[in-house]
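Residue numbers (this note's numbering), protein chains in the order written: chain A, 1 to 484; chain B, 1 to 477; chain C, 1 to 95.
For the record, the hints were derived by calculation from the structure and aren't laboratory data.
Backbone N, C-alpha and C define an ideal beta-carbon position, used for all residues, glycine too.
It is possible that part of the hints are untrue.
To be verified - Ranges of calculated distance between the beta carbons of each label pair, as one might list FRET restraints:
1. Asp369(A) / Val6(B): 40 to 48 Å
2. Ile97(A) / Val6(B): 48 to 56 Å
3. Arg220(B) / Ile97(A): 24 to 32 Å
4. Gln245(B) / Ala262(A): 36 to 44 Å
5. Gly190(B) / Ile94(C): 40 to 48 Å
6. Gln8(A) / Arg73(B): 50 to 58 Å
7. Ala365(A) / Arg73(B): 40 to 48 Å
To be verified - In silico DSS-like cross-links for lysine-lysine, where the CA-CA straight-line distance does not exceed 27 Å:
8. Lys30(C) / Lys85(A)
9. Lys407(A) / Lys75(C)
10. Lys164(B) / Lys130(B)
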Amino acid sequence: MHNLTIKQMSEKLHAGEFTSVQLTQHYLDRIAKYDAELNAYITVTPELAIQMAEEADKKLADGSAELLTGIPVAHKDIFCTDGVKTSCGSKMLDNFIAPYDAHIVTQLKKVGMPILGKTNMDEFAMGSSSESSYYGATKNPWDHQAVPGGSSGGAAAVIAAGLAPLATGTDTGGSIRQPASFCGITGIKPTYGAVSRFGIIAYASSFDQAGPMTRSAEDSAWLLNAMAGFDERDSTSLEREKPDYTAELERSLDGLKIGVPAEYFGEGLDADVAKVVKTAIAEMEKLGAEVVEVHLPNKDLAVPSYYVLAPAEASSNLSRFDGVRFGYRCEQPKDLTDLYKRSRSEGFGEEVKRRIMVGAYALSAGYYDAYYLKAQKLRRMVRDDFINAFQSCDVIMGPVAPTPAFKIGEKSDDQVSMYLSDLYTIPVNLGGLPALSVPAGFAQNLPVGLHIVGPYFSEAKLLNIGHQFQQVTDWHTKTPAQYQ
Amino acid sequence: MSWEVVIGLEIHAQLTTKSKIFSGASTAYGAAPNSQACPIDIGMPGMLPVLNQAVIGKSILLGLALDAEIGKRSVFDRKNYFYPDLPKGYQTTQFEFPIVGQGKLEIELEDGTKKVIGVTRAHLEEDAGKSVHGLEQGQTGVDLNRAGTPLLEIVSDPDMSSAKEAVAYAKKMHELVQYLGICDGNMQEGSFRVDSNVSVRRPGEPLGTRAELKNINSFRFIEKAIEIEIERQIELIESGGTVVQETRLYDAENDTTRSMRTKEDANDYRYFPCPDLLPVIITDEDIEAVRTTMPELPDAKRTRFVAEFGLSDYDATVLTGSRAMAEFFESVVGLTKEKDVKLCANWMTSGFSAALNRDGLSVTESPVSAEMLAGMIERILDNSISGKIAKQVFEAMWQGEGTADQIIESRDLKQITDTGVIEALVDEVLANNLEQVEAYKAGQTKMLGYFVGQIMKASGGQANPGQVNKMLVAKLK
Amino acid sequence: MSLGKTEVEYISQLTQIEVREDAVDGVAEKLSNIIDLFAQMEAVDTQNVLPMAHPLDAVQRLRPDVVTEVDQHEKLQAIAPAAAEAHYLVPQVIE
Chain A
1 MHNLTIKQMS
11 EKLHAGEFTS
21 VQLTQHYLDR
31 IAKYDAELNA
41 YITVTPELAI
51 QMAEEADKKL
61 ADGSAELLTG
71 IPVAHKDIFC
81 TDGVKTSCGS
91 KMLDNFIAPY
101 DAHIVTQLKK
111 VGMPILGKTN
121 MDEFAMGSSS
131 ESSYYGATKN
141 PWDHQAVPGG
151 SSGGAAAVIA
161 AGLAPLATGT
171 DTGGSIRQPA
181 SFCGITGIKP
191 TYGAVSRFGI
201 IAYASSFDQA
211 GPMTRSAEDS
221 AWLLNAMAGF
231 DERDSTSLER
241 EKPDYTAELE
251 RSLDGLKIGV
261 PAEYFGEGLD
271 ADVAKVVKTA
281 IAEMEKLGAE
291 VVEVHLPNKD
301 LAVPSYYVLA
311 PAEASSNLSR
321 FDGVRFGYRC
331 EQPKDLTDLY
341 KRSRSEGFGE
351 EVKRRIMVGA
361 YALSAGYYDA
371 YYLKAQKLRR
381 MVRDDFINAF
391 QSCDVIMGPV
401 APTPAFKIGE
411 KSDDQVSMYL
421 SDLYTIPVNL
431 GGLPALSVPA
441 GFAQNLPVGL
451 HIVGPYFSEA
461 KLLNIGHQFQ
471 QVTDWHTKTP
481 AQYQ
Chain B
1 MSWEVVIGLE
11 IHAQLTTKSK
21 IFSGASTAYG
31 AAPNSQACPI
41 DIGMPGMLPV
51 LNQAVIGKSI
61 LLGLALDAEI
71 GKRSVFDRKN
81 YFYPDLPKGY
91 QTTQFEFPIV
101 GQGKLEIELE
111 DGTKKVIGVT
121 RAHLEEDAGK
131 SVHGLEQGQT
141 GVDLNRAGTP
151 LLEIVSDPDM
161 SSAKEAVAYA
171 KKMHELVQYL
181 GICDGNMQEG
191 SFRVDSNVSV
201 RRPGEPLGTR
211 AELKNINSFR
221 FIEKAIEIEI
231 ERQIELIESG
241 GTVVQETRLY
251 DAENDTTRSM
261 RTKEDANDYR
271 YFPCPDLLPV
281 IITDEDIEAV
291 RTTMPELPDA
301 KRTRFVAEFG
311 LSDYDATVLT
321 GSRAMAEFFE
331 SVVGLTKEKD
341 VKLCANWMTS
351 GFSAALNRDG
361 LSVTESPVSA
371 EMLAGMIERI
381 LDNSISGKIA
391 KQVFEAMWQG
401 EGTADQIIES
411 RDLKQITDTG
421 VIEALVDEVL
431 ANNLEQVEAY
441 KAGQTKMLGY
451 FVGQIMKASG
461 GQANPGQVNK
471 MLVAKLK
Chain C
1 MSLGKTEVEY
11 ISQLTQIEVR
21 EDAVDGVAEK
31 LSNIIDLFAQ
41 MEAVDTQNVL
51 PMAHPLDAVQ
61 RLRPDVVTEV
71 DQHEKLQAIA
81 PAAAEAHYLV
91 PQVIE
């Protein structure tokens, strides 16, 4: 069952070939069998999942079911889920049972998608490897010595290993796309504002976006349809008519102009990765697309700018974790200061503390102009590079990450090196543009993704390109042998 | 050795919205602890703010009343610090781009001199919760009901140079926000909070270090606190010390100010634009729409009352003491068709106001409505009752016995105006008081009062005094 | 190294995150490495560039002034570390 496409799964459910309970149980069994070694789930919710599957079966029986009804989903543990532990990968929220649902959780509940559990992640979404989780690292299903990427590493791993048919993730600097690339799955970060942030534990508010993580572009389109849309509870949620992200899937790529930035293939890019990406782009040309060279002159400013702005916002967003109203509190605080300092030092992991401190520093008196304000200006420049480039192309393609998945422990001591590996994904978040990662091949036996960036609101086009690519390639169908 | 005093006031006015500035929780005062604190107010993970529409119009109203620039593009910023009553660890406020810019307010001092006080700006922000002591040993309790209530922080230029000027400004602003209907001005409940920044300097020298006086909720104490603080600073400097920038509280019992332990150790608030909120845009059309709803302001009303109704400055001031009072008065005047405005004014400034004060009621809580009072005044004007009887009628109306007509009827208070009846009364009294009649005729004209008194007594107070007088004089010739 | 002990102590105060004596140097070094990354921004001319706080030029939406929330304090305080008589509790604060 776990090797079906979502469309096939849906057809069979609707046809009564199996029930949602059976399908859900199938995944729960696989989780019980494989997750111990992968550590992709923080919390598995078998009773809830079966209960929801039973509800879904009723809908399937009375004809009120939608396409995704009855198909289970795994939520990144950053989405508040009513009555379910929502830890954000942190000791700070190890005891937090959310009293409300995030908007996207509500949306998917409405459709009737049973919740299998909450997936592992870098603590408070700060990381590119999922190693900083309080619950330990998740292993890459393709190589247990390698990271699955981050921060949505757990979500990527569950899709790659068939421990959930659909998963949700969030992307602030590449946290959907990079794990998708490292694990050989598909993931899309929508235009900023397309999906509501209500109920998503905030890391960097002007960057965070939720999106689907799935086997294929088509699956992502269906899931994005269910997740996206205006939510009045989020001031940054876009008030526009909700598009159908599956509407353009079948369009031909004839005449599509693909911009490839010269700057992308410089030093630092693994040669095998470069090869995979170039081959993938050549595949697009075979489908009728045309490649043009574009330039992103301010590309190198993206990483420093991001690592000022995101930690700055985070330093403020995480101030609410103070041991007073919820979450971790230190033992026997002597006084208020002791309560704050010890609860926060003991509750937060090292990387989170570092980013909070860097962020506060960047906002502090004397540094605001040189760091924060400057970074906001660079942000505009990086974004404008893309807008300019889109004058001569429809989408931009390149690598998602400079290397395939690195080994667990390899980069955990060298923050800056880890940060610099986000150089392809970060610029997209700075601009709030949509971007897709689709599996495009292997390098050193590990998956490599192709990055496709589009102008604002071009998700349907990106998914179309991904889908057409997946009609003529089969990278997205590959699974590690032991999980087949 | 002369000293210059420099005072600036920061006033926090709670806006009269039903729900909070960024959430749909209620702002009603006096609710059970934490019963009006929703997840957004508590700063729970994943919660987001959405701006309450009503605060915009109220801010624009104040801006227009202060002749101020309206910030057409204002931005919410985060002011970061840690304190138990600040759930998110930051306060959402407006730092660089406030909704109201530079304006002014004219004040009048007791001696009649007028002074224009500059208002630097007014910005929107959210209120914090409340700390409660004594619930548990060694613990402080936190009630977040108030967290998220919308505030307009009104900052004056440091234009005031005495405690009296400062209080005059504060009182004027207090009156204004109530007139505009944007704040209920209840200082006991904390809806209107005045912080005074006080410093002294020698003429010609740069500004001195200021101390901030907080948590004083009556104008009388604000004035005393400022005066005592000025004295303290002068004494301190003259004896060789230096003024420290700090927050001080007023100790009413001892009439001193004392230093408060500061809540924020490091004052680096790291302001930056709140990424969960977008810039607030106000158009010229929005401003004009609000302008059309602007009520007549107190000064203009006072001037009009003097000009249109011929009232004295004093009466005009009392009658415009609140918007509700002024509207009540104009209602009464209208209902009595302006036949005797002075009479309406007298009743409002004396009997009506006295009753309100006695029972601790505001105009809107008055058991006597404008219709009822007008009805009673009509009966005075048509001679059904005398002014004196009217006092009985008023008191009866106040106690809920009904309208003037109902009371006059049920208590049989109608004034006697029948000439025949009055003549009979006069004749009787004069016949029974022959000695006093002789005295009057011998020149003791004051005896008239005695006769009037007797007649009023005999008639149960209901004889029309004017007619009685006239008839007595005629009969005694 | 751009950050020293003083800066680390200051930041520790601002963020209410304890940094133990023996850890200060290590933290200073790690933070400095990150902050050194920012040096690259300095050389860029941004004089005529407006800062960008949000990707799209959107404007704040307004919600009607209506009470929509109900009393949930029991549910919400069930997960509080310390609460009594419907109040959240913290070690005593003297003002």
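Tell me the numbers of any earlier hints that the structure contravenes, in ascending order.
1, 3, 4, 5, 7, 8, 9, 10
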